[in-house]
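Chain order of the listed sequences is A and B. Position in the first sequence (from 1) plus 3 gives the number in our numbering. Position in the second sequence (from 1) plus 7 gives the number in our numbering.
Treat the hints with care, since some could be wrong.
Cross-link-like lysine-lysine pairs, in silico, DSS-like; alpha carbons within 30 Å at most [claimed, not checked]: (1) B:Lys88 <-> A:Lys45; (2) B:Lys116 <-> A:Lys45; (3) A:Lys45 <-> A:Lys86; (4) A:Lys60 <-> A:Lys45; (5) A:Lys60 <-> A:Lys86; (6) B:Lys116 <-> B:Lys88.
If you only want the chain B side, here are some residues facing chain A, beta carbon under 8 Å, derived [said to hold, decoys possible]: (7) Ala19; (8) Phe52; (9) Gly65; (10) Phe67; (11) Ala91; (12) Phe103; (13) Thr105; (14) Ile106.
Just a sample of chain A residues kept apart from chain B, beta carbon distances all over 12 Å, derived [claimed, not checked]: (15) Gln9; (16) Met18; (17) Val27; (18) Ser107.
These aren't lab readings, by the way, just hints derived from the structure by calculation. Every residue gets a Cβ at the ideal spot worked out from N, C-alpha and C, and that includes glycine.
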Amino acid sequence: EPEVTQTPSHQVTQMGQEVILHCVPISNHLYFYWYRQILGQKVEFLVSFYNNEISEKSEIFDDQFSVERPDGSNFTLKIRSTKLEDSAMYFCASSEAAGSSYNSPLHFGNGTRLTVT
Amino acid sequence: GQSLEQPSEVTAVEGAIVQINCTYQTSGFYGLSWYQQHDGGAPTFLSYNGLDGLEETGRFSSFLSRSDSYGYLLLQELQMKDSASYFCAVINTGGFKTIFGAGTRLFVKA
C-alpha cells in the first residue's frame, strides 16, 4: 500500500536555526497538509496546500513557517528561526481529494520529531 | 472558531463494546472523521460521516447527528490492540482543513 514518507525521523536543532522537514506524499494525491503534535497533546492543523498554493492555514502558521513543493514529489515545511516551543512531532499528510471523506481520508506519514534546544 | 469535546480517557475490558462521544462547535461543517493513533505512531483513518446516521466498518461504527453537533465512535468486540488514542476530527466547509479533538485514550484490559 502506498504511504507518505517523512524524513528525517528525528531532527535536533538549536534555537534560532532554520529547519526543513521533508515529505513525499502518496503519488496520486493532490492535497497536502502539515500537522504538529506536542507530546501527549492533540494533533494541530498547520497548513493545507493544493495546486501549488496554500489553501488554508492556522494561527500557528505564522511568518516563521513556509511550505513548498519544489518538484513533483516532495513537500517541505520550513521553520525559519526555531523556538523552544516548536519542539513537537510534525506530521505530513496527503489526500486524494479535498477533505476527509470516506473516499479521501488523510494519510499521515510517521512524523518527524523536532527537538529544539 | 472550532472546538471539539471528547472524553480524555475510557477503560473497557476485552470483548466489550465502548462508545466514544464527540461534540463539536464549528463555523462551517463538512463532515466528521475518526482517527486512531497508537503510541509513537501516526494517526490512521477509521471512519467518516458526512450525513446523519450510522456508518459501519467491521468492528467499528460511527454515528453523526448534524442537528445535535454530535457524533460517536462505537468499537465492538474490543481487543487488546485497540488500546490507543481516538480522535474525532471536523472537516470544515471546503474540505481543506481538518481539525482534531484532543483525543480519547482507550485502555483495554484483559
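Looking at the structure, which of the earlier hints fail to hold?
When the structure is compared with the hints, numbers 7, 9, 10, 11, 15 and 18 turn out to be violated.
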